[in-house]
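Chemist: Here is how the chains run, residue by residue.
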Amino acid sequence: MHHTPDPGHSAQIPLRTGGDLLQLVSPEGERISHPEFDIWVKDIGDEHLCSLYEDMTVIRRIDAEATALQRQGELALWPPLLGQEAAQIGSSRSLRDDDFVFPSYRESGVAYVRGAHLSEIARVWRGNASYGWDPLRINLATPQIIIGSQSLHATGYAMGVQLDGANTAVLAYFGDGATSEGDVNEAMVFAASYQAPVVFFCQNNHWAISEPVRVQSHVQLADRPSGFGIPSMRVDGNDVLAVMAATRVALDRARKGGGPTFIEAVTYRMGPHTTADDPTRYRDPIELEDWAAKDPILRLHKLLEAKGLLTEDMEARVKSKADAVAAELRASCIDMPDPQPLDVFNHVYSTPNSWIERQKDHYSRYLNSFNQPVEEGAL
Amino acid sequence: MTATMIKEFRLPDLGEGLTESEILSWKVAVGDTVTLNQVIAEVETAKAVVELPSPFAGVVAELHEQPGTVVEVGKPIVSFEVDDAGSSNGGGVSDTRDRSAAGPAGNQSAGNHSSGDRAVVETSTKGSPSTAGAEAVGAPAKREPNLVGYGAVVEHSGRPTRRARGQVQDVKSASSEAPALSEPAAARQAEGDVSERPRSTPPVRKLARDLGINLELVRGTGPGGLITREDVQNFSGATEAPSETQVSAARGERETRTPIKGVRKFTAAAMVQSAFTAPHVTEFLTVDVTATMELLARLKGNKAFDGYKLTPLTIAAKAVLVALRNNPSLNSRWDEASQEIVQFNYVNLGIAAATPRGLTVPNIKDADRLTLRELSTALTELTDTARAGKTSPSELSGGTISITNIGVFGIDAGTPILNPGEAAIVALGAVRKAPWVVNDQLAVRQVMSLSLSFDHRLVDGEQGSRFLADLGAILADPAMVMTMI
Chain A
17 MHHTPDPGHS AQIPLRTGGD LLQLVSPEGE RISHPEFDIW VKDIGDEHLC
67 SLYEDMTVIR RIDAEATALQ RQGELALWPP LLGQEAAQIG SSRSLRDDDF
117 VFPSYRESGV AYVRGAHLSE IARVWRGNAS YGWDPLRINL ATPQIIIGSQ
167 SLHATGYAMG VQLDGANTAV LAYFGDGATS EGDVNEAMVF AASYQAPVVF
217 FCQNNHWAIS EPVRVQSHVQ LADRPSGFGI PSMRVDGNDV LAVMAATRVA
267 LDRARKGGGP TFIEAVTYRM GPHTTADDPT RYRDPIELED WAAKDPILRL
317 HKLLEAKGLL TEDMEARVKS KADAVAAELR ASCIDMPDPQ PLDVFNHVYS
367 TPNSWIERQK DHYSRYLNSF NQPVEEGAL
Chain B
53 MTATMIKEFR LPDLGEGLTE SEILSWKVAV GDTVTLNQVI AEVETAKAVV
103 ELPSPFAGVV AELHEQPGTV VEVGKPIVSF EVDDAGSSNG GGVSDTRDRS
153 AAGPAGNQSA GNHSSGDRAV VETSTKGSPS TAGAEAVGAP AKREPNLVGY
203 GAVVEHSGRP TRRARGQVQD VKSASSEAPA LSEPAAARQA EGDVSERPRS
253 TPPVRKLARD LGINLELVRG TGPGGLITRE DVQNFSGATE APSETQVSAA
303 RGERETRTPI KGVRKFTAAA MVQSAFTAPH VTEFLTVDVT ATMELLARLK
353 GNKAFDGYKL TPLTIAAKAV LVALRNNPSL NSRWDEASQE IVQFNYVNLG
403 IAAATPRGLT VPNIKDADRL TLRELSTALT ELTDTARAGK TSPSELSGGT
453 ISITNIGVFG IDAGTPILNP GEAAIVALGA VRKAPWVVND QLAVRQVMSL
503 SLSFDHRLVD GEQGSRFLAD LGAILADPAM VMTMI
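Chains as they are written, first to last, in this note's numbering: chain A, 17 to 395; chain B, 53 to 537.
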């Protein structure tokens, strides 16, 4: 993971609530100077920028390949992340290895950065397992399907970190729709009360399935946390540098005992909610065009081009990396063994348990009854 | 030169529990070379129009389905000729059903076990809800969509579909021992008004499904009416051996989709309209029709009726016409638009006819003016024309009352639905020999049940009952006509 610099003390900067949209790179790829936030990304050099570009390109490729695999019947479902690459890469690349992350179901890019194997990312969506990876290996909880619940898990984990006296930070990902859920609001109450070291990272992608964000909140989402006494920042979620700056501020505050922070990363879900959704039924195509012009990868591409970093060699390298990752995802997905019915009992307890063994025995006999000679009877 | 092999692409479940999709268009043609993930087709599901990316790199060998076709999930839609090396698909697309049995804890590192020597390899079995997993029994479970793209209405698939559990479905083992549906069972199934799911156990349900038996028709002998394996087997044994064609029909497609059009569409609309506008009341009367049957026999021997086709329907039709004279309200119409009741002073007698195209109810114009012989001729012409599918629209409109002769199917009684715009319909049951009390003695008589449905807006119970009683009186003793005309 990448080391976070210590450019200033987060306690000395004002506890912002929402406010202006923080932007460090314009949609045209120009670096915008910001008196307050520049310092938080000043260590990010050319090579670092190129690696961010590579990660964003790779996770877009993962997303495209997984979508294709779903259309080919190899995945049961896939929640696309198209358009949210800067929000996911900028935030996850700001984390330390020992930080703990609680994602929703759309953070496949975060999983990639945290070190989940591609087969682990695909496994749940193929329907082969109820979990993808060992959460303790990569400090990334398994994807939460229930909207916003992971914010409670994150807050609880953060309270535990406090009790341990560690300087680990915790980050919960959720979407705009989740801010309307009770769980997220309860999590903010507890996080504020205990000043827990947790960052609420909200990717406002504008659509809670078919529900536009504007009908859910009459104020900007970044203004909601102020009611809980939680400082917040509103950042351009398609600007990887702005996302990094805001996330670093929030993580730093968490480590230093400054309590929770809410980040609203304003981005856009360019694809459907999941592969089972048809956004053309509820979304104006013009809106999609507007956001295509603010594309996070295109923006970084322009910045790198202006800086003269976008060599043919570099582009070829990124492309071959993305192709290799896509091929690995495909291969690992297609060759994945099917789980067997009795596997469902395997991970209920970490140690042998007589009650589970009994259920397993019953289920095993039940399964056998399908193939038994008819005279055996099935009652 | 590398050897090539044919790989099939089967239609996947494109959106969480769909059973079918419509091919909108092909973006490739036979002979085209395609790359991995190249868009090959546009497909519409109940949820969305989506593009299908090719799962292989190769040459399109065959397009199995035409644009506009609705295809079941799991059916092959396109075949590709691909390099045998399997390198074209980016790492070993292979027979997905042939995976090892290792658990999820196993190591999934990207292997490259392309199944070299298999001629046909299928893909896209993953995530298919597969109609195979759903039982063909039970009323469709309708779900209201709650969010766009979610909760699509489950169509025609018994109950909500479950993802198939790969190995459980074993159609083959059933075929060796399983008689398919016999005709009566099939007929009963078709019209079966299925309500609550019969109680049974999953293995027995599976057995029934394999045997093609509708559990609704099986009587349970277990505790609380539970259907046991034995019940299913007994039922299966009781049904007669199927013919070859029935077997193939039962074994082939698991379901057949027919566009709702033509007579079926018209019938459905008419029945729905009728059933939900006119409050129906149905009354039954069982009558000793021995005298009518004797009359029929006498008339058949009468030279005046040579060449005329006389059946119980002929007499019953005449009896209906006679009974209407004193009960005209059954020959009327509710005119909602003008808020008037139309009393017809003529009778256009509709006869429900089962035709190859479905149910039609052509009517005999001014039937009340016809003699018995004319009526007999009209009935014969009407049914012949209907069976030939040549009934003209004018013959189908303007009916004032109808008869449905369910007796020809061996049925006794029913609750017929009114032909829209009419006030009454009479269902004639089968004529059967039955024990009957005559002069306080038990005798074997020919008995028939009459079912009369009427529109309660127009006809009160009294009028309906009088009409039915009159009709019954005529059929019990045709001489009663003397008292009615």
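Hints are computed from structural coordinates only; laboratory data are not their basis.
The model shown is predicted, which means the values in this text are computed figures rather than measured ones.
Be careful, since some hints might not be right.
[To be verified] Facing chain A, according to a computed beta carbon distance under 8 Å, are these residues of chain B, among others: (1) 62; (2) 99; (3) 100; (4) 102; (5) 255; (6) 423; (7) 468; (8) 490.
We treat Cβ as the ideally placed atom computed from N, Cα and C, and that holds for glycine.
Chemist: Of all the hints numbered above, which does this structure not satisfy? Sort the numbers upward.
Modeler: Going through the list in order, the structure violates hints 6, 7 and 8 and respects the others.
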